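*Asks:* Line by line, the protein sequences give chains A and B.
Going by our numbering, the first sequence opens with residue 15, and the numbers climb by one from there.
Going by our numbering, the second sequence opens with residue 1408, and the numbers climb by one from there.
Read the hints as simulated data drawn from the structure, not as lab findings.
Take the hints with a grain of salt, since some may be wrong.
[What the hints assert, rightly or not] The following label-pair restraints were derived from C-beta to C-beta distances: (1) Thr-1419(B) / Trp-290(A): 55 to 63 Å; (2) Gly-1564(B) / Lys-216(A): 46 to 54 Å; (3) Leu-37(A) / Gly-1564(B): 19 to 27 Å; (4) Leu-43(A) / Gln-1569(B): 24 to 32 Å; (5) Glu-192(A) / Leu-1437(B): 52 to 60 Å.
[As the list claims (entries may be wrong)] Below, a sample of chain B positions facing chain A; criterion: calculated Cβ distance under 8 Å: (6) Thr-1470; (7) Ala-1637; (8) Leu-1639.
[Stated by the list, open to error] Just a sample of chain A residues kept apart from chain B, beta carbon distances all over 12 Å, derived: (9) Arg-64; (10) Leu-70; (11) Phe-110; (12) Trp-146; (13) Gly-148; (14) Gly-155; (15) Leu-167; (16) Ala-194; (17) Phe-208; (18) Arg-209; (19) Arg-229; (20) His-254.
In this text the structure is predicted, and so the values were computed from the model without any measurement.
Ideal placement from N, C-alpha and C gives every residue a C-beta, glycine not left out.
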Amino acid sequence: MTLLRQGFAGRGPLVRLPGLAPLFLALTLLVLGVLIVLPLGVVFHQAFARGLEAYLEPLKQPDALAAIRLTLVVAAISVPLNAVFGVAAAWAVARFEFRGKSLLVTFIDLPFSMSPVVSGLVWVLLFGAQGWFGPWLQDHGVKIIFATTGLVLATTLVTLPFVARELIPLMQDQGADEEAAALTLGAGGWTTFFRVTLPNIKWALLYGVLLCNARAMGEFGAVSVVSGSVRGLTTTLPLHVEVLYNDYEFVGAFAAASILAGLGLLTLVLKTVLEWRHSGELSASRRH
Amino acid sequence: MWLGLVVVLPLTALVLRPWEVGLSGIWSTLTEDRVLAALRLSFGVSLLAALTNIPLGLMTAWTLTRYEFPGRRVIDALVDLPFALPTAVAGIALTAIYGPTGVLGEPLAKLGIKAAYNPIGIYIALLFIGLPFVVRTVQPVLQDLDREVEEAAQTLGATNLQRFRLVVLPAVLPALVSGFSLAFARAVGEYGSVIFIAGNMPLKSEIAPLLIVIKLEQYDYAGAATVGLAMLLISFGALLAVNGLQLVLARRGRA
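Assemble the whole structure, with the sequences as input and the hints as a guide.
*Replies:* Next up, the structure:
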């Protein structure tokens, strides 16, 4: 934040291309307005196109409620899993030297550069009807693909990097001095973790969890591959949007979409607040 | 351990599955007209969209860091909306805008431009999804740029434009390149925001990720895995090339 202020405070020689200021501002607003704000507006406009009644109606359908419930369940499982993993992975990467560390970091980042469809596909290759473990699972009556477990697995893979990536640079910056001090003073490992490490990273952890959760609840590509889209059974809210849309139930589709858009906006607000209030405690890349 | 279970094991399946049908099977999948067309479309349009996002992103980052105007913080925050908005939501919203009866689709149609259900629609969706990557990688560099260098350039008599071209641009170039590569990588794999607006006509507007889904629905696991693996390898090669370019730029910057 301080950096930003300096950028404006100096009225002097910073290149501003002053004559172009109005033009740039207008163009930027146009690009952002058309490309980013307009779609958001359209979601709500379409959702309320036939009034409040028509908006609420499709949201009260059992299928819609089931989709909301399933979305919450999936996020409630995969987000904590990835939070714990993220802390553990960041701890390992920031505090210890071991062979294959850069390989580990590469694998943590990998889901970001994979198509979400591929993130779903890999689970089908493992557990689908013709997957490696498919026949065995079938014999034992366990269903993973086209069931909640598959949705959780796909979501977990897609959202795996969020918390870890937030924490690794921060923990590397902070160093291990405070933890070493606590250990020297006789604190145990867990005590040190809960009294020293965790308080130091709590805002960055929250930031990572926030982004992880937004993606988990909004994920579409990966879950659509493993879901089979059985209405009311294996459709999360984004999939429910698709099912309705393809059935030409546009108001319903946009009503469901408006909930997700609301979630996105909420995430954006919370994220921005975190960036303003706690920029010092977030990793360096987030200080803007 | 967790990483092994959640990332490495599934990826092993992706790498090994295609070989079940042998090299000839892989080859025949990859040379199917439909697969070739989908790969060409996915990588081509992604490249175009990511390239367009370079000037758009640079301009946005420039405006946000160098000018003060009311609502700047709100606009700054809104740049991240494509990250926060679930892709399926973006997909149906963009389709509503650019469809034949949409706010922008209708005027465009009158001009003879068919935006939705066409590669142009895919391009628009990929612009939307890629813009924040460029803005967010360039913005911190623009902010942290050493003001003394710009001051020195001015003292030495450089005009505004010269200072921009000779001082600012070389400094943000590596960030522009990495923003581009992030936007490109995301665009290639993008599914949710594209499939609604794409129209999904085989050979014409069918993207590679959708083809994977179609192959899976036909229980062609090996075929799906082949396309998935091909996408992963091509992206990987493209990213390696970009990293190489980064190294060259960094070396030139230091010299």
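*Asks:* Does each hint hold? Answer for all of them.
*Replies:* Hint by hint, here is what the structure shows:
1. Thr-1419(B) / Trp-290(A): 55 to 63 Å: Since Thr-1419(B) and Trp-290(A) have Cβ atoms about 43 Å apart, the given range 55 to 63 Å is violated.
2. Gly-1564(B) / Lys-216(A): 46 to 54 Å: holds (51 Å)
3. Leu-37(A) / Gly-1564(B): 19 to 27 Å: holds (25 Å)
4. Leu-43(A) / Gln-1569(B): 24 to 32 Å: Cβ of Leu-43(A) to Cβ of Gln-1569(B): about 28 Å, so the range 24 to 32 Å holds.
5. Glu-192(A) / Leu-1437(B): 52 to 60 Å: holds (54 Å)
6. Thr-1470: Nearest chain A Cβ about 4 Å off; hint holds.
7. Ala-1637: Violated, because the Cβ-Cβ distance from Ala-1637(B) to chain A comes to roughly 11 Å (cut-off 8 Å).
8. Leu-1639: Cβ of Leu-1639(B) sits 7 Å from chain A, so the hint holds.
9. Arg-64: Holds: least Cβ distance 14 Å, greater than 12 Å.
10. Leu-70: holds (18 Å)
11. Phe-110: Nearest chain B Cβ is 15 Å from Phe-110(A), so the label holds.
12. Trp-146: violated (6 Å)
13. Gly-148: violated (10 Å)
14. Gly-155: holds (21 Å)
15. Leu-167: Leu-167(A) not clear of chain B: closest Cβ-Cβ about 8 Å, inside 12 Å.
16. Ala-194: Correct as stated: the minimum Cβ-Cβ distance to chain B is 26 Å, above 12 Å.
17. Phe-208: holds (21 Å)
18. Arg-209: holds (25 Å)
19. Arg-229: Not fine: 8 Å to the nearest Cβ puts Arg-229(A) too close to chain B.
20. His-254: Check fails; 9 Å does not lie beyond 12 Å.
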